[in-house]
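Here the structure of chain A is known, so what remains is to put chain L in place on it, guided by the hints.
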Amino acid sequence: MKIVVCIKQVPDTKGGVKFNPDGTLDRAAMMTIMNPDDKAGLEAALRLKDQYGAEVTVITMGLPKAEDVLREAIAMGADKGILVTDRVLGGADTWATSQTLAGAIRNLEYDLIITGRQAIDGDTAQVGPQISEHLNIPVISYAQDIKIEGDSVIVERQYDDRYHVLKAKMPCLVTALAELNEPRYMTPGGIFDACKAEITVWGRANLVDVEDSNLGLKGSPTQIAKASDKVRKGAGEKVTLDTAESVDYIIGKLKEKHVI
Amino acid sequence: MDFTLKKEHEMARTLFREFAEKEVKPLAIEVDETEEFPRATVEKMAKAGFMGIPIPKEYGGQGCDILTYAICVEELSKVCGTTGVIVSAHTSLCCDPILTFGTEEQKQKYLPDLASGKKIGAFGLTEPGAGTDAQGQQTKAVLDGDEWVINGSKIFITNGKEADVYVIFAVTGMVEKRGKMIKEISAFIVEKGTPGFTFGTKEKKMGIRGSSTYELIFTDCRIPKENMLGQQGKGFGIAMHTLDGGRIGIAAQALGIGEGALERTIEYVKERKQFGRAIGAFQNTQFQLADMATKAQAAQFMVYKAACTKDQYTKDHKTSYNVEAAMAKLYAAEMAMEVTTKAVQLHGGYGYTREYEVERMMRDAKITEIYEGTSEVQRMVISAALLK
Numbered sequence: 005m006k007i008v009v010c011i012k013q014v015p016d017t018k019g020g021v022k023f024n025p026d027g028t029l030d031r032a033a034m035m036t037i038m039n040p041d042d043k044a045g046l047e048a049a050l051r052l053k054d055q056y057g058a059e060v061t062v063i064t065m066g067l068p069k070a071e072d073v074l075r076e077a078i079a080m081g082a083d084k085g086i087l088v089t090d091r092v093l094g095g096a097d098t099w100a101t102s103q104t105l106a107g108a109i110r111n112l113e114y115d116l117i118i119t120g121r122q123a124i125d126g127d128t129a130q131v132g133p134q135i136s137e138h139l140n141i142p143v144i145s146y147a148q149d150i151k152i153e154g155d156s157v158i159v160e161r162q163y164d165d166r167y168h169v170l171k172a173k174m175p176c177l178v179t180a181l182a183e184l185n186e187p188r189y190m191t192p193g194g195i196f197d198a199c200k201a202e203i204t205v206w207g208r209a210n211l212v213d214v215e216d217s218n219l220g221l222k223g224s225p226t227q228i229a230k231a232s233d234k235v236r237k238g239a240g241e242k243v244t245l246d247t248a249e250s251v252d253y254i255i256g257k258l259k260e261k262h263v264i
Numbered sequence: 010m011d012f013t014l015k016k017e018h019e020m021a022r023t024l025f026r027e028f029a030e031k032e033v034k035p036l037a038i039e040v041d042e043t044e045e046f047p048r049a050t051v052e053k054m055a056k057a058g059f060m061g062i063p064i065p066k067e068y069g070g071q072g073c074d075i076l077t078y079a080i081c082v083e084e085l086s087k088v089c090g091t092t093g094v095i096v097s098a099h100t101s102l103c104c105d106p107i108l109t110f111g112t113e114e115q116k117q118k119y120l121p122d123l124a125s126g127k128k129i130g131a132f133g134l135t136e137p138g139a140g141t142d143a144q145g146q147q148t149k150a151v152l153d154g155d156e157w158v159i160n161g162s163k164i165f166i167t168n169g170k171e172a173d174v175y176v177i178f179a180v181t182g183m184v185e186k187r188g189k190m191i192k193e194i195s196a197f198i199v200e201k202g203t204p205g206f207t208f209g210t211k212e213k214k215m216g217i218r219g220s221s222t223y224e225l226i227f228t229d230c231r232i233p234k235e236n237m238l239g240q241q242g243k244g245f246g247i248a249m250h251t252l253d254g255g256r257i258g259i260a261a262q263a264l265g266i267g268e269g270a271l272e273r274t275i276e277y278v279k280e281r282k283q284f285g286r287a288i289g290a291f292q293n294t295q296f297q298l299a300d301m302a303t304k305a306q307a308a309q310f311m312v313y314k315a316a317c318t319k320d321q322y323t324k325d326h327k328t329s330y331n332v333e334a335a336m337a338k339l340y341a342a343e344m345a346m347e348v349t350t351k352a353v354q355l356h357g358g359y360g361y362t363r364e365y366e367v368e369r370m371m372r373d374a375k376i377t378e379i380y381e382g383t384s385e386v387q388r389m390v391i392s393a394a395l396l397k
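Chains as they are written, first to last, in this note's numbering: chain A, 5 to 264; chain L, 10 to 397.
Incorrect hints may appear among the rest.
[Said to hold, decoys possible] Under the rule of at most 20 Å between Cα atoms (straight-line distance), these lysine to aspartate or glutamate pairs were calculated in the EDC-like manner:
1) K53(L) x D54(A)
2) K200(A) x D83(A)
3) K56(L) x D54(A)
4) K243(L) x E114(L)
5) K324(L) x D197(A)
6) K118(L) x E235(L)
7) K66(L) x E183(A)
8) K31(L) x D197(A)
9) K16(L) x D320(L)
10) K84(A) x D115(A)
11) K213(L) x E368(L)
12) K18(A) x D320(L)
13) K69(A) x E32(L)
14) K18(A) x E32(L)
15) K16(L) x E186(A)
16) K34(L) x E186(A)
17) K66(L) x D197(A)
18) K16(L) x E71(A)
19) K31(L) x D16(A)
20) K18(A) x E276(L)
21) K304(L) x E235(L)
22) K56(L) x D197(A)
23) K200(A) x E19(L)
Hints listed in this document are in silico derivations from the structure and should not be mistaken for laboratory results.
Just chain L, same shape as in the assembly:
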């Protein structure tokens, strides 16, 4: 067992860190304050190839692995959780399902523009009555001639209004399963600008405030029949598979937020003086830092393990990574919340002000325990595997 990263991953980390420090960090406070999507940063990331890291070169991507993508999200999130999730949602929730379940035509049509960052991707599963319970879906798609007609709405959609390509889930009928009639869910690719596809409310959020979180509204929205993603009725499986991968991205985001807060705190406790000494000289501070660093390190191992397991799946299409992804997200998210909370505490009153970045990081951390499966859902996934 070798815990050292390969040369390409070390070089990639150097690249992501340099980019994050130079291009992302200076804007993080402003992005949070203004709640504006960092479009210029996304354009720079697109130019640098960050929007298509694990997409094969034949579809215009970088041809790298999931581990490289996870390191990218980690490094971006160290300085700005918003920027981290933009890449994560785009890559894991839109590019990945098209790459995994799309027809060759769909891949050729959508992936090159997504991988180059010319277009941004999003994913619409959650509805007012359907979050963790995907069976609560109300959005319907009905086949009319050569077109699917979609009606319904999706909420809390990351990259909402800024995206161009959306992977959307809708009920396409009822099927019998173990003697019960259940909803048949299918996946679709919907493009921005399709008549009948509009945007509703922009969410005002606690954290990751620069990410564009919108309601998507479909009113007799007609899309070509060939825009169904995967087979009819396989939508639930596609959604779950996609979220398994997405959890690695969010786990990497949580990891980065926790590590970022730790870095800021280490700098702060060396400088802040109380009772004539830097507060880092007090044993309480030292022990807190030791716990924070240990948990961040553990989270990093789990995130990288999950990423490497998904890379194995990419090669053999057999290896299961859902439990690794769930564990990584569960642990990294709870680590991020704990570490950022301790970071604020160690900053004292200053940590409660927006002048210090740990305040934002604590707000950004909370969502990682909620989206792409709450911590409770991760526990369900993990325990289900234990007890099957």
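The following block holds chain A by itself, in its conformation from the complex:
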């Protein structure tokens, strides 16, 4: 089995988010880490490798220093790393990013593509599903469990209060949640090997079936006007009532909040 895992080097938001005066992220002032959802996706791929045997390729789009995150993935147990970097790819939004990654992945053989649900620096959750659209393969998002059965993947897709079990024929794409697993540590020996490993570097010329108009800042329909720290979603409220009472309760709440 061949698994491709898309990972992203992101600023570590644990110590707080720092912004430039123009409202964009001050990336230089923040430490970088592997995006947590992507790390869970990588761990899921490595567990499938442990269990079924697989070749795990990690791919990232970013600045040349994003190579570090590929080496970290190799130190955890990934087999190969591919860095997609080119000036013309800079300033990409989710559309241009997914076009770029899909263009790169078209060079690879794969049964399964795993991406993180979303990156902590953008929180869009769009790139994974968009890649699947570009590649014309099924997507199962928000995976909290991934299993392989024959030529299919069986995924538990998480919702706020339940999960769905979905089965899809491979090749397909799965987006992983950080809660999916506890990612393993790198090993010291893995680090030494990773530092010696050759990282494949691809530029614009290596992207297959992608128009220039879909790449980089020029190919990005969305522009960031202003970024701000995330406001956490509340835990919500759960009530146990029969159907009629539930309707009354919801109507009451909506009136209370002047929604209706």
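Here is chain L on its own, set in the frame of chain A:
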């Protein structure tokens, strides 16, 4: 001369620091209070490959260098001196002599389980009457057919009851040296569970209280003849060579304890207010911190230099590292004691309570001036090299 670490060492530090913060730090106070060996942490370290860092891959290790191992012990010791010494004693005092002096069969038999952390290693040299004076050894080994029969006891053994494989030293005869009859000392590998090998008292210690420090007792303990480590009569040299390497581990432990106390103190002086200001705003505090940081930095350079020198020895089997190791241990241990004492002072009354970690760190620091050669022994080693 380049003082920057290579990429692999920086990445390894990130790994060790993350592990220490996440897995070790939350348990440090409990380990000290309960004096219980942190078995679960050791299992996690084993899984992460920390128990075989400088062991070659062919023997199941990580195939890294001594510098990486020293950084591991440093980062663990920043948050827990006990955890640091468990790795240090296991790696430097048991794995290293088997790797350096063992036969191919011994290496194949013992190193894979030690390097994977499936088994833990320990080292038994010290006796009630033989610490710094290794010639005071009373433990004897007598060859009986195909077996060595060991009688005697060893004290203050780190990883004592928790270990599975022990490198033990015993007198195997008398030899003439420069007209004097002296004890011939040999090294052996003894496995836990060997009949006649039991444990005595558990030491109640001032610091590193979670490390398992026990007396080992050998009563007609029979081990196979092939478990002699190195040649008969070469035990003293094996012990000294092993301790030269061990001192790098203890120097790294001392370094970590000092750095850990400095980190805690920097956090504390920013928050603690007296006379309406954070105490970090007072020049006395600033100067104390400056001295602490300068000495910790100097110690780090010395520890890394010693580690790199031993790495050179690993490559050429010629480069001597005993003086570098002795200097690193001497300086780092005295730095740790000084820095932790100042850290407690800067914490004031709170620093004297167990609620604040600097109290434990000061107790943990003291042993680094004593074990694997006291500071006085390090001065002997250094001055002997100067005057030879």
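Taking the hints in turn, this is what the structure says about them:
Taking the CA atoms of K53(L) and D54(A), the gap is about 18 Å. The hint holds against a cut of 20 Å. Taking the CA atoms of K200(A) and D83(A), the gap is about 12 Å. The hint holds against a cut of 20 Å. With a CA separation close to 14 Å, the supplied pair K56(L) and D54(A) stays within the 20 Å bound. Simply put, K243(L) and E114(L) have alpha-carbon atoms about 19 Å apart, close enough for the 20 Å limit, and the pair holds.
With a C-alpha separation of about 19 Å, the suggested pairing of K324(L) with D197(A) holds against the 20 Å cut-off. At most 20 Å may separate the alpha-carbon atoms for a hinted pair to count; K118(L) and E235(L) meet this at roughly 12 Å. With a C-alpha separation of about 33 Å, the suggested pairing of K66(L) with E183(A) is violated against the 20 Å cut-off. Simply put, K31(L) and D197(A) have alpha-carbon atoms about 24 Å apart, too far for the 20 Å limit, and the pair is violated.
Distance check on the hinted pair: K16(L) and D320(L) sit about 17 Å apart at the alpha-carbon level, within 20 Å; holds. Of the supplied pair hints, the one linking K84(A) and D115(A) holds, its CA atoms being roughly 16 Å apart against a limit of 20 Å. Restraint check: the Cα-Cα separation between K213(L) and E368(L) comes to about 17 Å, which is no more than 20 Å; the hinted pair holds. Between K18(A) and D320(L), the direct Cα distance comes to roughly 37 Å. Violation of the 20 Å bound is thereby established for this hinted pair.
Between K69(A) and E32(L), the direct Cα distance comes to roughly 29 Å. Violation of the 20 Å bound is thereby established for this hinted pair. At most 20 Å may separate the alpha-carbon atoms for a hinted pair to count; K18(A) and E32(L) meet this at roughly 18 Å. With a CA separation close to 25 Å, the supplied pair K16(L) and E186(A) exceeds the 20 Å bound. With a CA separation close to 18 Å, the supplied pair K34(L) and E186(A) stays within the 20 Å bound.
With a CA separation close to 11 Å, the supplied pair K66(L) and D197(A) stays within the 20 Å bound. A distance of roughly 12 Å separates the Cα atoms of K16(L) and E71(A); the hinted pair therefore holds under the 20 Å criterion. As the CA atoms of K31(L) and D16(A) are separated by approximately 16 Å, the hinted pair is consistent with the 20 Å bound. Proximity of K18(A) to E276(L) is assessed by CA-CA distance (about 17 Å); at most 20 Å being required, the pair is judged to hold.
Distance restraint check for K304(L) and E235(L): the Cα-Cα separation of roughly 47 Å exceeds the 20 Å cut-off, and the hinted pair is therefore not satisfied. Of the supplied pair hints, the one linking K56(L) and D197(A) holds, its CA atoms being roughly 17 Å apart against a limit of 20 Å. The straight-line distance between the Cα atoms of K200(A) and E19(L) is roughly 14 Å, inside the 20 Å bound, and the hint therefore holds.
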